Amino acid sequence: MTAACSIAATSSVARAAAALEKGEPIATLIDISRCIGCEACVHGCKEANADKYPRPEKPFPRMYPKGVKAEDWSDKIDVIDRLTPYNWLYIQSATVEIDGEERELTIPRRCMHCTNPPCVKLCPWGSAIQLDNGISRIDPEICLGGAKCQTVCPWLIPQRQTGVGLYLDILPAFAGNGVMYKCDRCYNKIAQGEIPACIEACPENVQTIGPRDEILKQAHDLAAGMNGYIYGEMENGGTNTFYVSPVPFDKLNSAIEKGKGKPHLAAVSDSMQTGERLAMAMLLAPVAGVAGAAARFYRMSKKDDE
Amino acid sequence: MTLSEKIIRYIYMIIFIFLTLTGFAQMPIFKRYHIADIPGLGWLAQFYVTHAMHYIFAALLIGLCCYLSVDHMLDGRKERKLTKTGYAKAVMIAGLILTGALMVVKNFSGTPYPPLMVSLLDLCHLALCLVLLFYSLLTVITRKHWVRYPIREIINRWNMESGKGVN
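Going down the list, the sequences are from chains A and B. Reminder that position 153 of the first sequence reads as 153 in my numbering, one-by-one numbering, no gaps. Reminder that position 131 of the second sequence reads as 131 in my numbering, one-by-one numbering, no gaps.
Rather than coming from a laboratory, the hints here were simulated on the basis of the structure. Remember, it's a predicted structure, so these values are computed and weren't measured experimentally. Beta carbons: idealized from backbone N, C-alpha and C, even for Gly. Zero decoy hints are in this set.
Stretches of chain B that chain A covers, calculated by requiring three or more beta carbons in the stretch to come under 8 Å of a beta carbon on chain A:
(1) 31-41
(2) 52-60
Result set (DSSO-like, lysine-lysine): computed pairs, CA atoms no more than 27 Å apart in a straight line:
(3) B:Lys-78 <-> A:Lys-303
(4) A:Lys-258 <-> B:Lys-31
(5) A:Lys-46 <-> A:Lys-189
(6) A:Lys-251 <-> A:Lys-262
(7) A:Lys-46 <-> A:Lys-258
(8) A:Lys-303 <-> B:Lys-81
(9) B:Lys-106 <-> B:Lys-89
(10) A:Lys-58 <-> A:Lys-260
(11) A:Lys-66 <-> B:Lys-31
(12) A:Lys-302 <-> B:Lys-78
(13) B:Lys-84 <-> B:Lys-6
(14) A:Lys-217 <-> A:Lys-189
(15) B:Lys-6 <-> A:Lys-303
(16) A:Lys-189 <-> A:Lys-52
(17) A:Lys-76 <-> A:Lys-262
(18) A:Lys-76 <-> A:Lys-46
(19) A:Lys-76 <-> A:Lys-52
(20) A:Lys-302 <-> B:Lys-6
(21) B:Lys-78 <-> B:Lys-89
(22) A:Lys-58 <-> A:Lys-69
(23) B:Lys-144 <-> B:Lys-84
(24) B:Lys-144 <-> B:Lys-6
(25) B:Lys-89 <-> B:Lys-144
(26) B:Lys-31 <-> A:Lys-262
(27) B:Lys-81 <-> A:Lys-302
(28) B:Lys-31 <-> A:Lys-260
(29) A:Lys-58 <-> B:Lys-31
(30) A:Lys-69 <-> A:Lys-52
(31) A:Lys-76 <-> A:Lys-58
(32) B:Lys-6 <-> B:Lys-81
(33) A:Lys-260 <-> A:Lys-66
(34) A:Lys-69 <-> A:Lys-46
(35) A:Lys-260 <-> A:Lys-76
(36) A:Lys-69 <-> A:Lys-260
(37) A:Lys-251 <-> A:Lys-217
(38) A:Lys-69 <-> B:Lys-31
Working from the sequences, and respecting the hints, build out all of it.
The structure is reproduced here in structure tokens:
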């Protein structure tokens with residue numbers, strides 16, 4: 001088992017390195033049918049990212065107006081049944097019927113790393129970045145903890161910790177409320193040619209990482225092989241995380257526990273698409289303006305001639 | 001002021017108001033400060049709604065600016081001149097349109113900008129908006145105008161001096 005894991009890990013490293021060299025986005029395939037819910041990935045993630053976790057200063061500065069809530073997870077670092085600033089990956093479980101038999105499926109959930117991430121594109125401060133390899137991460141040195149990224153994320157992934165970050169040096173009473181945290185795909189390990197900690201830790205080869213086109217093809221082949229379904233290919237206009245399940249995702253979505261820090265598995269339309277379409281109107285606007293002025297000039301000239 | 005000038009003024013005012021409101025709404029402030037709790041203003045806290053509205057009013061502003069610019073250039077009589085105030089505001093609006101357009105491109109899929117560029121664009125766009133806002137308030141208070149009509153001013157002065165009244 002250990003030998004098989006290390007072979008799989010080595011090929012994942014090779015694929016991730018190949019994607020990096022080509023400058024292609026990296027995607028991850030998650031085979032839900034293999035996951036046994038052992039949470040090795042969760043603990044691997046926590047261990048690898050411990051130095052990135054927030055260390056808030058208390059007491060928190062008072063915030064105005066009254067009713068602005070501080071979000072404090074610093075005394076709940078061990079919570080692993082939902083996403084928190086100290087837990088960027090957790091296991092979601094769903095009891096579903098497969099071939100007439102009731103079975104529990106377990107699903108590692110984290111940021112989907114969208115191809116056009118609204119958390120990155122819509123942050124008013126530019127605190128979130130999308131790397132060339134498709135990874136989206138929030139820069140804890142710039143983030144003010146406004147939590148707009150959480151609101152615009154279709155899965156409400158980023159989680160806030162109060163009492164850390166740049167907002168403390170600006171106007172902590174009136175602007176900002178901490179820093180937002182989420183899976184950063186172990187971007188620093190990937191940059192060194194290693195693989196994310198959750199993949200390294202997994203004893204069941206649930207995850208495969210590599211160039212997006214290759215991984216997507218693998219996801220389709222896997223889904224075809226198990227008469228299964230894919231989640232993450234089309235959701236939100238496309239992501240770099242492909243879940244493959246033997247059971248339809250709407251069934252899984254009905255069976256999982258959803259809520260704060262517990263993302264859904266529902267269909268998601270492209271949240272950035274409306275903006276992209278309206279941007280086309282901005283191309284037509286100058287044409288309309290120039291045409292209007294030219295028409296007025298023509299009318300005035302005719303009037304003058306008469 | 002002619003009727004068409006009044007209409008242009010009102011259109012510009014509406015565009016300005018909604019661009020400012022929806023622009024500020026891109027920051028998570030209206031919910032925090034309970035402005036979105038005021039009946040009828042809940043939409044100010046809905047980011048995708050204010051994002052779309054900001055794009056729509058930005059398109060209207062671009063259209064209006066192009067219309068007025070070309071109209072001014074094609075004005076054969078050259079009665080109307082831009083004042084220093086008008087030039088200053090035109091430059092600020094041009095800066096807002098340029099930084100805004102760059103951010104629209106940034107929001108497309110497949111166009112990631114370097115982080116520093118994103119932060120600089122955001123801050124320039126906000127700074128230009130604040131400067132334009134305060135400058136506009138100042139010009140309203142001090143009754144400074146975008147344009148002047150030198151020939152009309154001369155005629156009015158003659159009429160005043162000869163007791164005929166103002167045009």
